[in-house]
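Novice: So the chains spell out like this:
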Amino acid sequence: NAGVTQTPKFQVLKTGQSMTLQCAQDMNHNSMYWYRQDPGMGLRLIYYSASEGTTDKGEVPNGYNVSRLNKREFSLRLESAAPSQTSVYFCASSEAAGSYNEQFFGPGTRLTVL
Amino acid sequence: SQQGEEDPQALSIQEGENATMNCSYKTSINNLQWYRQNSGRGLVHLILIRSNEREKHSGRLRVTLDTSKKSSSLLITASRAADTASYFCATDKGGSYIPTFGRGTSLIVHP
Numbered sequence: 475n476a477g478v479t480q481t482p483k484f485q486v487l488k489t490g491q492s493m494t495l496q497c498a499q500d501m502n503h504n505s506m507y508w509y510r511q512d513p514g515m516g517l518r519l520i521y522y523s524a525s526e527g528t529t530d531k532g533e534v535p536n537g538y539n540v541s542r543l544n545k546r547e548f549s550l551r552l553e554s555a556a557p558s559q560t561s562v563y564f565c566a567s568s569e570a571a572g573s574y575n576e577q578f579f580g581p582g583t584r585l586t587v588l
Numbered sequence: 009s010q011q012g013e014e015d016p017q018a019l020s021i022q023e024g025e026n027a028t029m030n031c032s033y034k035t036s037i038n039n040l041q042w043y044r045q046n047s048g049r050g051l052v053h054l055i056l057i058r059s060n061e062r063e064k065h066s067g068r069l070r071v072t073l074d075t076s077k078k079s080s081s082l083l084i085t086a087s088r089a090a091d092t093a094s095y096f097c098a099t100d101k102g103g104s105y106i107p108t109f110g111r112g113t114s115l116i117v118h119p
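Note that the protein sequences, when read in sequence, are chains U and V.
Just so we're aligned, residue 475 is where the first sequence starts under this note's numbering, counting upward by one.
Just so we're aligned, residue 9 is where the second sequence starts under this note's numbering, counting upward by one.
Think of the hints as simulated: they come from the structure by calculation, not from any bench.
Fair warning: this is a prediction, and the values are worked out from it, not measured in the lab.
Ideal Cβ placement from N, Cα and C applies to all residues, glycine included.
Fair warning: there could be bad hints in the mix.
What the hints assert, rightly or not - Here's a subset of chain V near chain U, in silico, CB distances under 7 Å, partners left out:
1) N38
2) G110
3) R111
4) G112
Model the full structure from these sequences, guided by the hints.
Specialist: Set out below in structure tokens:
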């Protein structure tokens, strides 16, 4: 039971390049989330998927797109990376959307945009 | 914008001492959660407290909630070096059922 897995663990991009961050969970959770964590800013929600087939914007969606590929997988795409997107990205999942549900986090992807 | 804000930003104590950190929020909530993040790792859920609860315990953790003051506290008793981590509160933000995270308290426990 791996929980939430993320790939890659580290990535360096040049400004303007694109990439997709992958996330998968094996807990049969309905809801999945993408956060970014910057020093002094805590975690900020980029996008979430309350259930398979739905996605919604979070607090900081600009510059990102997401795909809920199936119940297990939720990917985050940067179409044209910018230095402001240098951050640590965390994927999380929960049994259902809602503040009463515990979120399970992946190990993170450390992204640097030059 | 953050709904919950942790205080203090950083806390340094000796092993065996108690550690207290606080979370204040702006609008009424349904639930409040506390998470721990070890350096370089993802967050791990510690405890959930509902708006109609005043206190919950889990092992060495004690969480209180004062809805009149819009604040919560996390107490770690008899701290250990392994408790060194950042601690975050997560609250739902008026009208949204998705929790938002504060900036965290960085706790260092010296052996």
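Novice: Please go over all the hints and tell whether each is borne out by the structure.
Specialist: Each hint, compared with the structure:
no., hint, verdict
1, N38, "6 Å, holds"
2, G110, "5 Å, holds"
3, R111, "4 Å, holds"
4, G112, "6 Å, holds"
The structure is consistent with each of the numbered hints, conforming to all of them.
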